[in-house]
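J.: Each chain is listed here by its residues.
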Amino acid sequence: MSFHLLFLISIVAGFVGAMSGMGGGIILIPALTFFGMDIKHAIAVSIVSVIATSSGSASAYVRDRITNLKVGMFLEMFTILGALAGAAITLISGRKFLFILFGIVLLSSWITLFRQRHESWRQAVHQDSFSHWLELEGKYYDQSVGKIIEYRGSRAYLGGPLMLSAGLVAGLLGIGAGALKVLIHDLVMGLPPKVSTTTSNLIIGVTALAGTSVYLAAGMIDPGLAAPIILGVVLGATLGTRLLVRLTNQMVRRFFLLVLLILGIEMILRGIWGT
Amino acid sequence: MDHRVKKDKKVEHFDMEIMIGYILLVGVLISAALLTIGLIWHWARWGNLRFEHSIVGMNFFEFILSTLRQVSSHATRPRFILNMGIGILMLTPFVRVLASVFYFALKERNWKYTLFTGFVFCVLTYSLFLR
Numbered sequence: 000m001s002f003h004l005l006f007l008i009s010i011v012a013g014f015v016g017a018m019s020g021m022g023g024g025i026i027l028i029p030a031l032t033f034f035g036m037d038i039k040h041a042i043a044v045s046i047v048s049v050i051a052t053s054s055g056s057a058s059a060y061v062r063d064r065i066t067n068l069k070v071g072m073f074l075e076m077f078t079i080l081g082a083l084a085g086a087a088i089t090l091i092s093g094r095k096f097l098f099i100l101f102g103i104v105l106l107s108s109w110i111t112l113f114r115q116r117h118e119s120w121r122q123a124v125h126q127d128s129f130s131h132w133l134e135l136e137g138k139y140y141d142q143s144v145g146k147i148i149e150y151r152g153s154r155a156y157l158g159g160p161l162m163l164s165a166g167l168v169a170g171l172l173g174i175g176a177g178a179l180k181v182l183i184h185d186l187v188m189g190l191p192p193k194v195s196t197t198t199s200n201l202i203i204g205v206t207a208l209a210g211t212s213v214y215l216a217a218g219m220i221d222p223g224l225a226a227p228i229i230l231g232v233v234l235g236a237t238l239g240t241r242l243l244v245r246l247t248n249q250m251v252r253r254f255f256l257l258v259l260l261i262l263g264i265e266m267i268l269r270g271i272w273g274t
Numbered sequence: 000m001d002h003r004v005k006k007d008k009k010v011e012h013f014d015m016e017i018m019i020g021y022i023l024l025v026g027v028l029i030s031a032a033l034l035t036i037g038l039i040w041h042w043a044r045w046g047n048l049r050f051e052h053s054i055v056g057m058n059f060f061e062f063i064l065s066t067l068r069q070v071s072s073h074a075t076r077p078r079f080i081l082n083m084g085i086g087i088l089m090l091t092p093f094v095r096v097l098a099s100v101f102y103f104a105l106k107e108r109n110w111k112y113t114l115f116t117g118f119v120f121c122v123l124t125y126s127l128f129l130r
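Chains S and B, in that order, are what the protein sequence lines are. First residue of the first sequence: 0, per numbering that gives the first Met the number 0; consecutive thereafter. First residue of the second sequence: 0, per numbering that gives the first Met the number 0; consecutive thereafter.
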């Protein structure tokens with residue numbers, strides 16, 4: 000695969016990844032395998048680039064004070080364990096399985112998000128005592144509506160263990176699994192969409208590092224190949240991040256939905272028919 | 000008492016958001032700069048951008064050590080720069096977690112989150128020693 004192509008794919012992947020909070024991998028892996036890269040190598044190189052996308056955009060979100068650091072740091076404990084297990088499973092599993100799983104993960108996020116597409120975020124009425132003990136409340140300034148939004152994260156007892164599976168998927172498929180994390184933040188923990196996207200970004204970096212170390216140890220990361228991908232993804236993500244802060248919640252979501260649908264169907268078909 | 004007020008004001012300026020934000024930013028920038036330099040250097044020397052070299056299964060610290068050992072050899076310099084770029088990228092979230100442990104322990108004195116981030120740090124350290 001030519002340098003220019005790798006670089007271009009990575010810019011697009013980084014852009015879309017940052018816009019949606021998914022991380023670049025979810026676009027990168029289908030694209031890389033489409034152009035002939037082995038899926039396991041695509042997964043390994045993708046997860047390294049996910050560290051870069053996540054850290055790059057998280058740095059901006061954190062300084063904008065949209066990210067909830069405590070929610071992130073609590074949930075990280077679960078995602079890194081999942082990621083280590085996931086990466087180890089990928090090393091021993093078949094390629095067909097990885098394609099189909101990739102498609103299923105994409106589509107299942109799509110279905111769940113599609114069902115509540117028209118609902119805007121509502122404040123959780125009741126915060127359980129465990130979430131209160133974890134100090135998961137917060138507030139941020141929303142640029143698009145021009146006011147401070149306060150929220151209380153809840154049901155951390157459920158969100159934590161569920162994050163184990165988000166981490167597992169991240170490690171398995173070399174993606175940030177931002178879609179799943181955002182889903183858990185939105186639906187289970189009742190965080191506003193922007194907080195859930197940006198907080199998932201923060202968690203993704205650490206989760207991807209756990210996965211990367213497994214792939215590095217397996218000798219599957221090629222710095223010569225990873226370099227243009229990382230650079231492209233960072234460039235794309237920088238552009239995407241600039242846009243997210245300005246867009247409304249609905250626009251982010253709608254864009255997110257379209258991308259997920261197309262990629263999900265594509266990956267499943269390739270898993271079934273072979274590549 | 001006076002002294003305390005002053006100290007609190009300083010905390011306003013340097014908080015966790017700023018610290019984490021800049022650790023991530025600086026890590027990614029250094030890494031991206033090294034990767035760019037490595038690629039350009041390689042291109043200038045060989046006139047192409049194709050270089051694929053796999054690392055035969057080693058853990059992160061062995062990877063860094065073997066990279067540092069390449070410094071003496073001129074032929075592998077662009078590769079050395081690239082490897083450092085990857086290494087620094089991997090260290091970025093790791094350092095972020097370590098800094099959070101210290102921040103929660105020393106500045107906020109929040110034992111809950113010191114414990115949580117400490118746990119994350121231990122698991123990551125373990126994973127970097129995997130092979």
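Keep in mind that the hints were calculated from the coordinates and are not lab data. Being a predicted model, the structure only gives us computed values, none of them experimental. C-beta: ideal position from N, C-alpha, C; glycine also. Check before you lean on any hint, since a few could be wrong.
Chain S side only, calculated, beta carbon under 8 Å to chain B, not exhaustive [as the list claims (entries may be wrong)]:
id : residue
1  : K69
2  : F73
3  : I99
4  : G204
5  : A216
J.: With 8 Å as the cut and Cβ atoms as the points, is S:K69 at the interface with chain B?
T.: With Cβ-Cβ at 7 Å, under 8 Å, it holds.
J.: Can you verify the interface hint for S:I99: is its Cβ closer than 8 Å to any Cβ in chain B?
T.: At about 27 Å, which exceeds the 8 Å cut-off, the nearest Cβ of chain B leaves the hint on S:I99 violated.
J.: Quick check on S:G204 please, does its C-beta sit within 8 Å of some C-beta on chain B?
T.: This hint holds: S:G204 lies near chain B, its Cβ roughly 4 Å from the closest one there, short of 8 Å.
J.: How about S:A216: closest beta carbon in chain B under 8 Å, or not?
T.: With a minimum Cβ separation of about 5 Å from chain B (threshold 8 Å), the hint on S:A216 holds.
J.: Would you check whether S:F73 satisfies its interface hint, that is, whether its CB is within less than 8 Å of any CB in chain B?
T.: Constraint on S:F73 satisfied, holds at 6 Å.
This entry does not satisfy hint 3, going by the numbered hints stated previously; all others are met.
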